[in-house]
Amino acid sequence: MAIPPSLPDRRAVCLAIARSALAAGVAGTLAGCGRGGVRRDAGALTIMQTEGPRAMDPANHTATLTGAILDPMYEGLVRLDAAGAAVPLLATSWQTPDGLTWTFRLRDGVRFHDGAPMDAAAVAQSFQRLIDPRSALAAAGKFKPIIGSVETVGASAVQFRLRKPYADLLTLLSASQASIVSPRAAAAGTLQRVACGTGPYAFVAWASDEYVAQRRSPGYWGRAARTETLRWTWSSEPSVLYMALRTGDADIATPLSPVFSRLAAANPALSLVHSPGTAFFWIALNTRLPPLDDVRVRQALNFATDRAALVAGLLGGFGQPATAPLADRTPFAHPDPTRLRFDPGQARRLLSAAGHGAGLGVAVATQAADEPLAEALQAMWAEVGVALEIRRLEGGVYASEAFAAPRVKVAEGLGGVLASWSSGVAPDLQLRPLFDSASMAPAGANLGFYDDPAVDALIDAAVGSRDPAERRRLYAAVQARIVAAAPAVLLYTRDDLVGARRGVSGLGVRPGGELVVSGAFKA
Amino acid sequence: MNGYILRKLLAFPAVLLAVSLLTFLAVRMLPGDPARLIAGPEASAEAVAAVHARLGLDQPVGAQYLAFLAHAAEGDLGTSIESRRPVVDELASHLPYTLALGLAAYGLAVGLGVPGGILAAAAPGKPWDRAFSAATILALSLPSFWVGLMAMELFAVRLRWLPLMGAGSASHIVLPALALSLAPMGLIGRMTRAAMIEILRQNYIRTARAKGLEPFAIYVRHALPAASTPIVTIVGLNLGAVIAGTVVTESVFSWPGVGRLLVDAVKYRDYPVIQAVTLVAVVSVVLANLAAEMAIAFLDPRMRRG
Chain A
1 MAIPPSLPDR RAVCLAIARS ALAAGVAGTL AGCGRGGVRR DAGALTIMQT EGPRAMDPAN
61 HTATLTGAIL DPMYEGLVRL DAAGAAVPLL ATSWQTPDGL TWTFRLRDGV RFHDGAPMDA
121 AAVAQSFQRL IDPRSALAAA GKFKPIIGSV ETVGASAVQF RLRKPYADLL TLLSASQASI
181 VSPRAAAAGT LQRVACGTGP YAFVAWASDE YVAQRRSPGY WGRAARTETL RWTWSSEPSV
241 LYMALRTGDA DIATPLSPVF SRLAAANPAL SLVHSPGTAF FWIALNTRLP PLDDVRVRQA
301 LNFATDRAAL VAGLLGGFGQ PATAPLADRT PFAHPDPTRL RFDPGQARRL LSAAGHGAGL
361 GVAVATQAAD EPLAEALQAM WAEVGVALEI RRLEGGVYAS EAFAAPRVKV AEGLGGVLAS
421 WSSGVAPDLQ LRPLFDSASM APAGANLGFY DDPAVDALID AAVGSRDPAE RRRLYAAVQA
481 RIVAAAPAVL LYTRDDLVGA RRGVSGLGVR PGGELVVSGA FKA
Chain B
524 MNGYILRKLL AFPAVLLAVS LLTFLAVRML PGDPARLIAG PEASAEAVAA VHARLGLDQP
584 VGAQYLAFLA HAAEGDLGTS IESRRPVVDE LASHLPYTLA LGLAAYGLAV GLGVPGGILA
644 AAAPGKPWDR AFSAATILAL SLPSFWVGLM AMELFAVRLR WLPLMGAGSA SHIVLPALAL
704 SLAPMGLIGR MTRAAMIEIL RQNYIRTARA KGLEPFAIYV RHALPAASTP IVTIVGLNLG
764 AVIAGTVVTE SVFSWPGVGR LLVDAVKYRD YPVIQAVTLV AVVSVVLANL AAEMAIAFLD
824 PRMRRG
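Just so you know, the protein sequences line up as chains A and B, in that order.
With my numbering applied, the first sequence closes on residue 523, and no number is skipped along the way.
With my numbering applied, the second sequence closes on residue 829, and no number is skipped along the way.
I should point out that these hints are in silico values taken from the structure, not numbers from a laboratory.
Owing to the predicted nature of the structure, the values given are computational and were not obtained by experimental measurement.
Heads up, a few of these hints could be off.
Unchecked claim - What follows is a list of derived Cβ distance ranges for each label pair:
id, chain 1, residue 1, chain 2, residue 2, range
1, B, Pro650, A, Ala205, 50 to 56 Å
2, B, Pro583, A, Thr229, 47 to 53 Å
3, B, Arg683, A, Thr229, 20 to 26 Å
4, B, Gly598, A, Asp108, 46 to 52 Å
5, A, Ala224, B, Gly598, 43 to 49 Å
6, B, Ala646, A, Ala205, 51 to 57 Å
7, B, Gly598, A, Gly519, 44 to 50 Å
8, B, Leu760, A, Ala224, 54 to 60 Å
9, A, Val516, B, Pro583, 44 to 50 Å
10, A, Asp114, B, Leu663, 50 to 56 Å
11, A, Val516, B, Arg683, 30 to 36 Å
12, B, Asp581, A, Arg407, 19 to 25 Å
13, B, Leu760, A, Ala205, 36 to 42 Å
14, B, Glu569, A, Ser437, 17 to 23 Å
Ideal Cβ placement from N, Cα and C applies to all residues, glycine included.
Excised from the complex, chain A in its bound form (with noise of 0.2 Å):
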């Protein structure tokens, strides 16, 4: 799943990012007081989000956090397994013969909550309803452009016609908004408040900035969950999470901040789900700007960029230095640490040579949540005579000038977009919106306006094949030029952090941070 560098969940994480240091003093000062919390009815748990959902209908979210609230109520047609490989959900099995026509065999006898029965035309009309364009769902653009049709076969098979071969299909089937929906749900128009799909918990309430509640769906077609209830809730506080999950208010809590993590994982009561993430920062450079429009310049700002120090300082070790456009665990990444080193000293050569010695000004466009991440790049690339003007902006304020068109940005003298993308496990999910010229905002996350025929191509051609060989080959070099190329400075990627109190286990953690609870319980 995409998050968006406007990432409204992003911003919720750290709305107060300048008060969690003062805050984690005082966790600091009076931390390890493992107490046991209130007591509870072990049947339910708890899980406590940095923002709520933004709608309880999976086609109209774009938002990681509402992915995770909704997951237990929904299912798609294939899941992805922790190795990444598409495994049957409501679809038994699949077949394509040239990777455009793709056909699925549906479960039998699964109906959704509302006791409409789960069959092709339900599975057809939901894939329907999220490309029509007259719908507006947040989610319609990621599959528009791939998807051409769905048709039922018989009473229990769909066919989906793509637009051109996509190999990560399954992927993206897999992914929170390809959800199936009920077809009566979806006819009266409820959706967006009362969540209706086949998972192995059913709605109860979503009470408005209070908690959406979630019960085990008694005639679920697969293996019922342990726990009865689960209730979700949630605080833009990083602090109150981890306050929250010592008091037993949350037996879950994520995503948690690196200095929150540090005490949950010390702190007897609490235990820490920690793995790599695929939430990948990176700086867009505004190639139509002079003096980005130079690739030496360019090149010299990722030289002068001590990732390894980001890593260590800002999330206390809790992520990877970039080494690619790729998060590490993206498959089909191509690592290439030597281009993506620190030196200063070649980043000094490289402005000299572009005949910029003297020194130049870069302002970069950033929300408060990653200022803190600006200002240490200031520093370094101080060293090397760039002096980095940061514009922290209001995150409504900062999703229009992120995505704004070149010439605004232009006059505006916007060098440089500090933003933040999670692709979950597909690689054209993150180099296509990214890197290619079709999606130059204001289309797409492309924000720097980098402009490569050739990765286009490269792109284009890696999507459709089917050989994995190839692909690899294609990817590797498309990467290869983008790292050349620099239209952005890679920074790093984050690590998914989840909080639990101690007894809780069956946590799962999607590729992109989505919490996955359907399976958990406490001890």
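Following the hints, position chain B against chain A.
Okay, now just chain B, sitting in the frame of chain A:
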């Protein structure tokens, strides 16, 4: 004075109209596009345009405002862009929480600030007065989110006396009300002390003391009514600050009131909700000031004649 109050009441609809126009325009002048925030970063230009059309944002602003007024006259404040529920329903489910929190905080601020100020004024420069001055300065200057987090750490996590967050029971209101009450309590306390010291220097108080009146009678019966004008004024004026404070306090304590609603509404540029919450806040402030003026008129005979 009655004429003055009447004029104020008659001007109220005009104030309302002006405020609705200002908030309507201000909200739309905010940079940031709700359609982009709804449609997400992967949305094409057409998808964003479709959302615009669905929300009616493709209409001229003047037409949008007239439509808003026409609906508002029928008690319809529009539909939330984010939740797709009627804004009136959103207000109805959030406002009671904010009213309860605001009243509790106000009760604490007045209930502790006024007596504290009177006691401090009774013996200026003495230890109690010095402690009171220091406490009110702290109450005024400590950021409420920090006080809130500290109080949570101490009372909810360490001592387990009070619930951490949320709004399940009556005890849930204690910590947020305390955090929210600090700043107005400090201000009201200081204002009470200053006004009382001023009055206690007056000749009639000296006379009252000379004829041997009980201290309680001097302070409460003779001095307090005379000192009440600035105190009541500051209490009335402070409502705006308390409303502003709910935004932070409700976020820290996950209190499901209007302040938390507003934070999300601004985050997602939910125009109808921002408008409605702003209107409610402005109306409350105008009404509170009016109530303060009426109270002063009641307390101060000179104003009644005026």
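Against the structure, the hints come out as follows:
{"no.": "1", "hint": "Pro650(B) / Ala205(A): 50 to 56 Å", "in the structure": "54 Å, holds"}
{"no.": "2", "hint": "Pro583(B) / Thr229(A): 47 to 53 Å", "in the structure": "49 Å, holds"}
{"no.": "3", "hint": "Arg683(B) / Thr229(A): 20 to 26 Å", "in the structure": "24 Å, holds"}
{"no.": "4", "hint": "Gly598(B) / Asp108(A): 46 to 52 Å", "in the structure": "50 Å, holds"}
{"no.": "5", "hint": "Ala224(A) / Gly598(B): 43 to 49 Å", "in the structure": "46 Å, holds"}
{"no.": "6", "hint": "Ala646(B) / Ala205(A): 51 to 57 Å", "in the structure": "56 Å, holds"}
{"no.": "7", "hint": "Gly598(B) / Gly519(A): 44 to 50 Å", "in the structure": "47 Å, holds"}
{"no.": "8", "hint": "Leu760(B) / Ala224(A): 54 to 60 Å", "in the structure": "59 Å, holds"}
{"no.": "9", "hint": "Val516(A) / Pro583(B): 44 to 50 Å", "in the structure": "47 Å, holds"}
{"no.": "10", "hint": "Asp114(A) / Leu663(B): 50 to 56 Å", "in the structure": "55 Å, holds"}
{"no.": "11", "hint": "Val516(A) / Arg683(B): 30 to 36 Å", "in the structure": "31 Å, holds"}
{"no.": "12", "hint": "Asp581(B) / Arg407(A): 19 to 25 Å", "in the structure": "22 Å, holds"}
{"no.": "13", "hint": "Leu760(B) / Ala205(A): 36 to 42 Å", "in the structure": "40 Å, holds"}
{"no.": "14", "hint": "Glu569(B) / Ser437(A): 17 to 23 Å", "in the structure": "19 Å, holds"}
In terms of the numbered hints stated before, the structure departs from none.
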